[in-house]
Every structure is written in C-alpha cells, then in structure tokens.
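Chemist: One letter stands for each residue in the lines below.
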Amino acid sequence: MAAAAADSGRWFAALSLGVSLLKCLFISAYHSTDFEVHRNWLAITHSLPVSRWYHENTSEWTLDYPPLFAWFELGLSHVARHFDRNMLLVENLNYAGPSTVLFQRLSVVFTDLVFVFAARECCRCVQEQKGSRDVLTRPPFVLAVLLLGNFGLLIVDHVHFQYNGFLFGFLLLSVAKHLQSRHLQGALLFSILLNLKHIYLYVAPAYGVYLLRSYCFTQDNTDGSVRWRSFSPLRLVALGSIVASVCALSFGPFIMMGQLPQVLSRLFPFKRGLCHAYWAPNIWALYNVLDKALATLGVRLKLLEETQLPRASMTGGLVQEFQHSLLPSVSPAVTLVCTLLAILPAVASIWWRPRGARGFLRCLLLCALGSFMFGWHVHEKAILLAILPLSILAVESREDAGIFLVLTTTGHYSLFPLLFTPAELPIKVVLMLIYTVYSFTALKNLHSSRGSVLRPLEVVYLLGLVAVAFACEVIFPLSPWQQKLPFLPLLTTSVYCSVGVFYSFLRLYVSLLRPEEKPKQP
Amino acid sequence: MQTWSLVSICVLLGVVVRWGVSLNSYSGAARPPMFGDYEAQRHWQEVTYNLPLQEWYFNTTDNDLNYWGLDYPPLTAYHSWICAFIANKINPEWVELHTSRGYESPAHKLFMRATVLVADLLIYIPAVVLYCFYLTDGSAKKKVSTLFCFLLYPGLILIDFGHFQYNGVSHGFALWGVVALGLGWDVFGSMAFCLALNYKQMELYHALPFFCYLLGKCVKLGLMGRGLSLLVRIAVSVLVTFALCWLPFLSDPGQASQVVRRIFPVARGLFEDKVANTWCSLNVLIKIRSIVSRDSQLYLSLACTLLAVLPSSIRLLTKPTFWQFKLALANSSLAFFLFSYQVHEKSILLAALPVCLLLNDLPLMAIWFLQASTFSMLPLFLKDGLLVPYVVTSLAFLFFSIYLLSALEHCTEEQLRLGAYHKLFFCLPKMDLACVLRWKFYISIAVMAGLSVASVALVPPPHLPDLFPVLVSATAFTHFLGTFIYFNIVQFSGPPARKNQKKNN
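Chains as they are written, first to last, in the numbering used here: chain D, 1 to 522; chain G, 1 to 505.
These aren't lab readings, by the way, just hints derived from the structure by calculation.
Taking lysine-lysine and the DSS-like style, the derived pairs with C-alpha atoms no more than 25 Å apart in a straight line are: (1) G:LYS319 to G:LYS217; (2) G:LYS383 to G:LYS346; (3) D:LYS444 to G:LYS142; (4) G:LYS141 to D:LYS444; (5) G:LYS319 to G:LYS220; (6) G:LYS383 to G:LYS109.
If you only want the chain D side, here are some residues facing chain G, beta carbon under 10 Å, derived: (7) ALA29; (8) TYR30; (9) ASP134; (10) GLU424.
Per the computed footprint, the stretches of chain G lying under chain D, defined by three or more beta-carbons under 8 Å from a beta-carbon of chain D, are: (11) 9-16; (12) 396-403.
Please read all numbers here as calculations on a predicted model, not as lab measurements.
Cβ atoms here follow ideal geometry from the backbone N, Cα and C, with glycine treated the same way.
Let the sequences and hints guide you as you build the complete structure.
Modeler: Here is the structure:
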C-alpha cells in the first residue's frame, strides 16, 4: 500500500511538472487586455493607499474583484518589485516589458500550484471500482490528466491571461474537503474563494443549502426527510463565524472607511449588456437568434417595415448592447428570476433528499450551468465552472462521462474565439485535439465494461460540431459571405454550442432528480 | 488506453512544444545589416524565386554571394523555391528581389515558422514514429515513451523552431534511410539517404556508416551472387537519385563545379566561433591556427577524422548488423564533429540524431549526451534570446526521459555495457563502475546547470570576455569525447543480450 502511494506520488509529480513546463512555453504568446487589467491592479494595490483602491480610475480597467483578491495582488506586487518596478506605476498604462511579461506569466504558473494541490486531493477522493495494475487506466490518473491538462484553463490562463487556475484550486479543494466530510474546511475555503472572485456566488446556493441541511442537521428520518429536532446550533454558529470572519477580513477595512457602497458598485456593474461581446453559448444566444430570424422572416413576408427595426441588431455579436426587434427585451431582473427558477429544483432536491457529497456536487454543477444558461452578461469562460467539477463525476460513472464529453467538447470549442490571433491558432487547435483525444479514449476505456459512453445522437451532434468548426475556420474565410456577414461564424458557433450545453444541463438534472437506484442484486 | 491514441497525443504534444518554441525570437531578429539564419533562408527564397537556376550559385549583379549566398546542395534550393512560390502567393513583398532584404514582420515570421513545421510534419515526425514502432524492442508503452523522448529532444527543436533552420528535413531523410535499412529495404534506404545528402552536405557525417553497412551486407550475401545484384541495385539507385537532384546543373560542367565549390568552402578556416570540438578546445592551450598553415590544417583534420572513423567503420564492415550500424552512425558523426574541418556548433545535431536512436538501448548514456549537446549550443541560444525555451525544454527532456525510460534504475554495469572498461583498466582497483558513472552523471548535470546560470547571471571579467562560452564549449567537449570513446568501446564489445533485456522490462 505504501509502495502504491509512493508510486502515485511520482506519476502525479511528473504530470504536474510536465504541465507546468508546458505552460511556461506560452510566456511569449499573445495575451489579452486582461494582462493589462492585472498589471493595473498590481500598480493600484502597490502604490496607492487602501482607501483609494476602489476609487482609482486612471485606467479603464478599474479594480472590480472583491477585496481579498486586491490583497492577493498586493502580495504579488511585492515580488513584482524585484522584476521590474515600472509595472507598478499606475500611470504606466499598457506597459508590457519583457520582465513584466515574465513575472506575470510566472505568477500564473506558480499560483496554479493551488490548483495542482486541489487536483491531488480530488484524485484521492475518487472511488475505484476495481484495482487495475496499469497506472494509465486507473481513475485517479485519468482525473489528474483531465484536471491538470484542462484545455480551457490552459488557454484562458496561460495564453489569454487570467488567474482562474488559482481560483478553481480553492473551489476544487473545497469540493474535495466536502467529499472527505471535512465540512468546516470546505466552508472556509469556499468563503475565501467568494472573497477572491464573486462570480462564484453562482454556486453559493448549493453550498448554503447543503451545509445547512447535511451539516447543521445531524440526522435524517428513515424516509430521508429532515429531522427538525436534530438541528445543531453549535454547528451553525461555527459555520457562521467562519464565513463572517473571512468576510470581515476582506471587507472589514472598507466597511470601516465607509466605502462599502463604492466597493459594491464596482463589483456589480449592471450597466453591461445582456450578452458579452461574443455570445456565450447560452439561452440568450438562442433567444437573440430567434429574434433575428423572426425579424428577417417578417421583412421577407412584408409583415414588417425594415426601416422600423432598430439598427444595431444586424451587427449582433459585435456591439455590447443588443436591441431586440420583435421579442421583448430582457432586463437583469428577468435573467435573475430565470436563473433562480433554473436552479431552484436542484437546490430543493438536495434539501428534500440529500444524497451526500456527490449529490451536492451535482447540485453545484447545476447551479453553475443554470446561471451560465440564464445569467446576465455571461462570459464564455464561465463554462469552466461546470467542466472542472464535472471531471470528478465523469471518472466515476459512465453516464456522467457521457455528459462530460458533450459538455467539454462544446464548452471548450466555444472558447476558440478567445484566441483569434493566427500565431496562436495551432496552439488552440492542437491542445484541443490532445484534450479531446485523451478524454474520449480514456473515459471510454475506463467505462468500457459497462457499454458505450456516448449515445448515437450525441455522436451525431459532436460530429456536427466538427463540421461546424471546419466550416467556420476554413470554408467561411474563403467564401464571399466573409464581407457581408462577418459575424456569422461566431453566431453559428455559439448557437450550435448552446444546444449542447443546454442538453448537458437537462441530462444532469435528470440524473439528480431521478429516484435513487435500487441496491444491486447480489 | 489504445496505443494509437497515446501515439497521437505524443505527436501532438511534440507539435505544440515546437510551436510554443517558435513563438520566441529567431536568429538575427532586428539586427541589420547581416541579420541571421532566418534572413539567410528568406534570402534564398528571394534568390531562387527571382533568378534563373543558372545564377543561383554564381556571384552576379543580382546575386551577391557575400550576402548569405546559397551554400547548400540543390535540394535546399528547390525547397526554398517552393516556399518562395507560396510566399509570393501570400505577399509578394516577402520575396521581392533586392527590396525584400532584411524583411521582417509578424506575418512573415508566422509563414516561415509554418514552413518549418510543415516540413517537420511531413518528413521528420513520421520517420521517428516508424522507427520507434518497428525498430525498438519492448512493450507498446515503452515504445511510446521512447517516441515521446525522441520527439522532445530540445537541441533540434530549439535550432529549427527557435534559431531557425530546416534540419528536420535532412535529419528526416537520413532517418527514413535508417528506418528503411532497418526494415531491409536497402534500395529505398539508400535513396532516402541520398536525398538527405543533397539537402545538406553535412549529412556526410553519416555517409560512411551507410556505405559500410550496405557494402558489408553485400559482401556477407556473397559478392558473386545475391550480394552483387544488391550492390548493383543500390549503386544504380544512388546514381539515379543524385542525377535527378543535380539534373538542372549537369548540362554545364562549370555549373556543377561552382555548386561543389560553394558547398565545400575550404577557405573558411579550421573552425569558427566557439565549437566544442578538438581544435577549438586545443586552441585554448595551443594557438593552432597561427602555427600550422591553412593547407596543413586541412590535411591534419582530414587525417585525424579518418583515423577516428576507421575503427568503427571497419567493425561495421565486418559485422553489418543494425545494432552496429546505429553505433557506427553515432561514432562516425562524433568523429567528424570532433576532428573535421570547419565545424559549426549546430553540427552536433548530426551526432544527436543517431544517439536518439539509442535512447531505448542505452538510456542513461543517450540522455546524458543529448543533454550535453543541447547545453553546448547555449551561447547561441543566449544570442538569439531563447533562454526561456532552452530552460523549459531542457528540464522537460531531462526529467521525462529519465522518468519514462527509467534511466537511473536500469543501470547495472551489464546494462551500461561497462564490462570492457574493466578489461581496459585492469590495473585500477575493482569498483562498481555503474555507481561511478551515475555520480559522474549527477555532477555533470550540476556543472551544466551551474554554467548555464553563470552565463546568464554573471558578467565575465573584462580581460576574459569569452570566459563562459569557452567554459561551455570545453565542458561540452569533454562530454563528447567521453561519449565517443564509450560508444566505440560498446561497438567493439558484444551485441546486446536481447533476452536479458526483455526480462528486465
């Protein structure tokens, strides 16, 4: 047993070293404006007093993450000092000297160690069906590759530039702690995460209900419903004090200075449009296209006057504000209601019939996907919030593996427009190919004893995705439509992908709500 | 896991590493007036595309041979022409005569990098895959590991995709030759090797083993019967391949002789810059170039090279097996590198190719040598701004090759074939040579790492500006010499014990 543990330590170390070195190869690759965003935050936190952090607006990229992340940037800036002091000047906009690039890139690679550690913990929680001698075909190994080599994280963090690996590290670590029944640690990690980036509020309902139901109530009735008398106030106080103290640490100074409204207005800017510049593959992409199709149809059938339609709608995808022509416009409140309605059954289900930590994980995924499908101004990158935790389930059951393959393939493909520079084209295509080839063969191999992973219709859908990719990337640029309809590939991509994401969302719901399987006959 | 998926993942990883390196700078970027190898390749495209073939190798008003004149054999020129043809379709400015000199732009860099990748994908990588699958022993997993390490060899990646050259083409053809010979397709193999020779004259480093192996095989088959017919077939195929490559230049004897003069520039001197070979290392002690005349230098180096190549060639001639062939390839290319005339630091890649072939048989020694060969080009990489990819790829190669090929676990004296050393040094006290060797390996890696850090971080004293390059080349030289002796000894000891190896796997 000890030998096996030592062996697993070696392959995991080798894998994480390999992936980290691969990340370092992209140091001189293209980086997006997010690079400047983070440089600016380094400068703000380093050279301004705390009271100015959320007021500073020399750069258009103002600090819009919660305070704990600002503290994190302050810590980084003390290392950055030794690389290049010029990046720490607020007025040095768009500064990207070689040592600045090196520092920023390396900071992502090194903070990713949190993610590596979290992946290690997740691999320890995986249930193994049978002991296979070959490391390559064991679930922990497959999970480690799926997490560490995740295509989305690689391109979003190490080419596009963001600190998602670091943040997802906290999320996965907290999930792993829940799987190991260390709920207080899990709660602590999640509250740290929330104070680092508030986008994780999307999955907070799952955490709240799960902790309340399965941690604060210590016993269930025989039929699985809640036994009200078993409520433990002590546990609730412990949980509450953990969350409150983390929040106090992060927001405290700003509350003391009376800046809370200012901070909150930076954190939740509702001035942005329904959809991000490039449409994430969600319900609103379908809604927009339906609107467009109806308008075009109306004009063709002479039911509508073309001059009466709002102008900007033709350039859909290229402007922030999208004006609907026929269908009612969508307000933030509507998306909020839709999102809540979408996640309500999942949350209710783990209240009425808790299914342990794995049920919680499923609920978390549904919250992530529900808010991705219906949320306001969703970024395509948010799909990673569902893909990464789903990897854990995918190595354990055949059905989840099928959902995982559909969701990752469509979700990852929808990230393609993030890297639009020709020099990075081979990187995104080849990395995607590696990840897809690996995830398909490894998961198929893992679940081979229990029939095929994908259903025929899913295979057809995924083959269609290949066709769409080929049409968008190769045929379209050569066709005459290139001039007339420049947004068509993006539109097709997000519409086609949104079908797959929505399908995965529904299938996950089915797997959560379906009555529990009978124990297997001996 | 199916083998095909592992193989495709390895190949794709190889591609992504290559492309990752190619995002970095290239030789002579933004350094007028001469720029570097990148500009040389671009200039050849310009010349071959715009001038008639008769002028390619001649100094004319339109073709200044002093500015990166074409000095590679015809296949390189044809390759340049093809690239130029495509370049002209994309953007004629890239290859316009005269005005395009020193042309640099991100789009052009992308195009040039893509041409290297395409050449690699078409010629080099398939040959590596074939070699690892048909000509190495062991389980499928072991073969995949060998493939991964072979594809990840940093020296070739850094020179082709960082510094900028097309070594993948000539190496690929040579490797196709090796694979074909290993599979018994002698005629096809000799043709492939002729293509390699006609792409880069430096492939001559490998020519002797090819010749000796084929000749030895013919002799073994009987020079009166099947051997003769094989010999005739090989000779004809070689002649035909050469004739086809040189066809446009054969009409005029002046043309051909001018090409030959361009390809073998005797006037350039014994060595340039800091090369980790014998002459340059001796130069630290004796200023050879000032003592001996240029002609004598040429003869001296020729004699030394022949002397160094002779043992392994004769051994191969008498025992033409594939194992001997691989070792002879390594020995011959190392002998040429160490002793021949006008050696570049990049020529160590020619020795690295056959050593890559031995990754599966003698993992520790092969990895050690490959690492040293990458290290020997450090001054070049620093000049080109390739420090980060050098560090990353070297670390990755060193770690993964040792881990995947379990190089440090399978190293008993027998597996390292150190038996012969005991016989040679019988006067010395008995000790565990494998252990000694392992320690030497650790120390050497530490020295290489230390010198790499020093070259980057320290400023040399003003009276010794070349201190670090000289130290690097001297260190590398001792490694190369040691490997040369070792491979010769292995070649003269018995063939590998196959059964024994399989048991250990």
